[in-house]
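Engineer: With chain A fixed as given, assemble chain B onto it according to the hints.
Now for the letters of each chain:
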Amino acid sequence: MKHKTFFWFFLPTALAMILFIALPLTSVVSQSFHAPHDEVLLVSEICDPFGCETESTIDHQATEQLKKDQPLGKWVGFEIYTDRNHLAFKEVAEFWENRTSFTGFISSLNNLQFYRAMGFTLTYVIVVTPLVILFGLIIALAVNSLHRHLKGLMVFFSLLPMIVTPLVGSLILFWMIDARGIVGSGLQEIFSDPNLSLKASTGLTWVTLIVYGVWHSAPFAFIVFYAGLQTVPKETLESAMIDGATRFQQVIHVVVPHLSPLVAFVALIQLMDNFRVFEPIVGFSASAHATSLSWIIWNDIGQEIRLFSSAATTSVLTIIGVVILLMPVLIRTWREFNPDK
Amino acid sequence: MFLRKIATVVALTTLASSAWAGCGASDGRVSIVGNEFPAIQTVGAGAMECAGGGVTVEKNLTADHQKINVPGMQGNPAEFTTAIVANSSIVALMNNDVIRPLDDLVAKHGQGLKKSQLITVDGKIMGIAFMANAQHLVFRADVLDQLGIAPPTTYEEMLVAAANIRASGMMEHPVGGAYAAGWNLAEEFVNMYIGQGGEFFKPGSAEIAVNNQHGEDALHMMRALSDYMNPDFLTHDSNATSAEWKAGNVALMNMWGSRVGPLKSDEVDPTVANNTDIAGPMTVGGGSTPASTLWWDGFTVSKNISDADAEATFMAMMHAIRPEMLNDETSPLAVWLIDGYQPTDAAKGVFAAAAMGTTPYPMLPYAGLMHSAAGKELVDFMQGKETASQALADLEAAYTTAAKEKGYL
Chain A
145 MKHKTFFWFF LPTALAMILF IALPLTSVVS QSFHAPHDEV LLVSEICDPF
195 GCETESTIDH QATEQLKKDQ PLGKWVGFEI YTDRNHLAFK EVAEFWENRT
245 SFTGFISSLN NLQFYRAMGF TLTYVIVVTP LVILFGLIIA LAVNSLHRHL
295 KGLMVFFSLL PMIVTPLVGS LILFWMIDAR GIVGSGLQEI FSDPNLSLKA
345 STGLTWVTLI VYGVWHSAPF AFIVFYAGLQ TVPKETLESA MIDGATRFQQ
395 VIHVVVPHLS PLVAFVALIQ LMDNFRVFEP IVGFSASAHA TSLSWIIWND
445 IGQEIRLFSS AATTSVLTII GVVILLMPVL IRTWREFNPD K
Chain B
28 MFLRKIATVV ALTTLASSAW AGCGASDGRV SIVGNEFPAI QTVGAGAMEC
78 AGGGVTVEKN LTADHQKINV PGMQGNPAEF TTAIVANSSI VALMNNDVIR
128 PLDDLVAKHG QGLKKSQLIT VDGKIMGIAF MANAQHLVFR ADVLDQLGIA
178 PPTTYEEMLV AAANIRASGM MEHPVGGAYA AGWNLAEEFV NMYIGQGGEF
228 FKPGSAEIAV NNQHGEDALH MMRALSDYMN PDFLTHDSNA TSAEWKAGNV
278 ALMNMWGSRV GPLKSDEVDP TVANNTDIAG PMTVGGGSTP ASTLWWDGFT
328 VSKNISDADA EATFMAMMHA IRPEMLNDET SPLAVWLIDG YQPTDAAKGV
378 FAAAAMGTTP YPMLPYAGLM HSAAGKELVD FMQGKETASQ ALADLEAAYT
428 TAAKEKGYL
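Respectively, the protein sequence lines represent chains A and B. Heads up: the first sequence runs through residues 145 to 485, numbered per our numbering. Heads up: the second sequence runs through residues 28 to 436, numbered per our numbering.
There could be a bad hint or two in this list.
To be verified - Computed beta-carbon distance windows for the label pairs: (1) Q240(B) to I250(A): 29 to 35 Å; (2) L304(A) to Q101(B): 39 to 45 Å; (3) V187(A) to G196(B): 55 to 61 Å; (4) Q240(B) to N242(A): 20 to 26 Å; (5) K142(B) to I165(A): 54 to 60 Å; (6) W219(A) to G275(B): 57 to 63 Å; (7) A300(B) to L167(A): 53 to 59 Å; (8) C196(A) to Q138(B): 19 to 25 Å; (9) N242(A) to K142(B): 54 to 60 Å; (10) I165(A) to A300(B): 42 to 48 Å.
Please keep in mind that the hints were generated in silico from the structure rather than gathered at the bench. Remember, predicted model here, so these are calculated numbers, not experimental data. We put the CB at the ideal spot given by N, CA and C, even for glycine.
Looking at chain A on its own, in the form it has when it is part of the complex (with noise of 0.2 Å):
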């Protein structure tokens, strides 16, 4: 293809992409170098239908011309980055040199958000990641093992769970996992303990929203398998089956070696979405328990006072996360396509 010809292609996705990803990047990571102007207060009388009080208010005419100069707000480089509600360089030094064991350093670790938040991130990621694959797996060679009349319906019922919106499906399962719904409830029964509740000890939490996400995220990795799967040589399959090998044999030499691409792709995109995992720990109102990092974003910018550089922050850290996550699916793949160097 020649260069002009090149360009003229590229140059519509090109924008699309300066527009909806380089802008809002360049955005959130000056947005997270800078805090907003100090505050100037005022002591002001305040009166409302319980009386009067002299109380802080803010004066705006005092920082009016601070604003209009550095409408970004105050430079602060990494200082937000650093900070307690971060990465809290100061307090890990500290408790590290403070520890008694590294136990006991960990669960002071679990006094930081981030941390907190990290740790539940990296389990969920670690946990869900390979069994959704593996899941995944299974579901497509059974389906793909059923009569060609049943296949369609049983892909359609195998989709489910991802064609309904996550917060909704974990709100569906939020009441019946509850200690009243029929899920809780049964569960009592079963233990004959009435007063297990999944929702009030971390560890059921978690248990919890590794189950919701395996069973959101399974159908995806089921659909990419499924393919997969109509493409596997005939040939090699008769070639095993008359040299005598079993149905296990069969996909563990055979069929799983032709998938591994699949399954590169597969695991790519699904530790990608796994760190990003949000909307189960709304819909479960599960952050007592369990906090990631995109939840620390949307609680910083959901609340009266919204904390935008602090959000930018986290926005960046996760950007980071993933990178750092990805880092050996991304040589894996370069090396493949660049197979000389």
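Structural biologist: Frame of chain A; chain B shown alone:
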């Protein structure tokens, strides 16, 4: 014939809907954002009556109002011409300088207002309050009568009563409370800390000061109460707590006055509905100030809109809170501050709160930061994972970091 019928119906409907057309204003745009509970719905519906002529009225009433009101008023022209707020949420609007002084509009169209309804900052009217609210005791008269327990006046008595109810086998989790992690849990801490006699900030500064004996006592009381609550209490907001009440699982709770009406409605099991009674807020730790806060709800008018829109908005809102809107249906919904309001039985809790000298929720620019830090840092203590002083230290540190970022410290 058929067509004529339709034409008549359409004409009649138009007439009916424009009976109040404009409510005195000839043209303008009215757009309301506010919280969502029955009393506010009534006010929103009242303002909608003014649609017609050159006046358009829209409303967006949602529990997420505080997430959208500031962004929706920062543009020029602002999307929302008025925000219905409470004493905590007006602060965010004042912090961002998005509401206008109402002195001229009150002089022109506010004849029916009482002086106590005016929210003034240094003499400038910034909002018009129309109702008061507070959390107070709600109890099941039949359960308490059966066990010979008087309605508790202190939280210590509430614990004893709860232990008795549990021991009697009538209820396993007799205490209810909106203890959901986040805003609700923080609100309960604010109540309890005030009841213990604590001050949130060092006088005249934004420096937080809650890690003290009052704070620890407040947290220990909340934990003791939670032992008598449904184990899922950290996920229960006011709606979920009300549902527990309606299901007959709870006999004692501290609840918003504005939430009591629906508990006594026809849809609720009559045993629960007929025996739901209220009393004033409770005190704690031998203090005399109730462990509760007083709230007002009122409306504000956007700064970034034309004067014509502001006038139409003000007139529509004044129409919505005119004395004639009070009737048998609307009066029990809230403690209205509107002239001519006759207190109903549903109001006695809030009136008792006011009479007992309950503290209003602090209208400080940085109070919201403390509230959100408390909502996320106190959960570890409530789950028994850390000590009260550790939780309070975390709360102080999280607040201080946020307040520094926002430029208050």
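Engineer: Please test the hint of 42 to 48 Å on the beta carbon pair from I165(A) and A300(B).
Structural biologist: violated (56 Å)
Engineer: Between W219(A) and G275(B), does the beta-carbon spacing fit 57 to 63 Å?
Structural biologist: Check passed, 59 Å falls within 57 to 63 Å.
Engineer: Do the Cβ positions of Q240(B) and N242(A) conform to the proposed distance bound of 20 to 26 Å?
Structural biologist: holds (25 Å)
Engineer: Using the C-beta atoms of Q240(B) and I250(A), is the stated range 29 to 35 Å upheld?
Structural biologist: holds (30 Å)
Engineer: Check the following: the C-beta atoms of N242(A) and K142(B) are separated by a distance inside 54 to 60 Å.
Structural biologist: Holds: the Cβ-Cβ distance is about 57 Å, inside 54 to 60 Å.
Engineer: For the pair L304(A) and Q101(B), does the Cβ-Cβ distance stay inside 39 to 45 Å?
Structural biologist: holds (41 Å)
Engineer: A range of 55 to 61 Å was offered for this pair. Does it hold for the Cβ distance of V187(A) and G196(B)?
Structural biologist: holds (56 Å)
Engineer: Does the Cβ pair A300(B), L167(A) satisfy 53 to 59 Å?
Structural biologist: holds (56 Å)
Engineer: Could one say that the CB atoms of K142(B) and I165(A) fall in the range 54 to 60 Å?
Structural biologist: holds (55 Å)
Engineer: Take a look at whether the Cβ-Cβ distance between C196(A) and Q138(B) falls inside 19 to 25 Å.
Structural biologist: holds (23 Å)
When the structure is compared with the earlier hints, a violation turns up for hint 10 alone.
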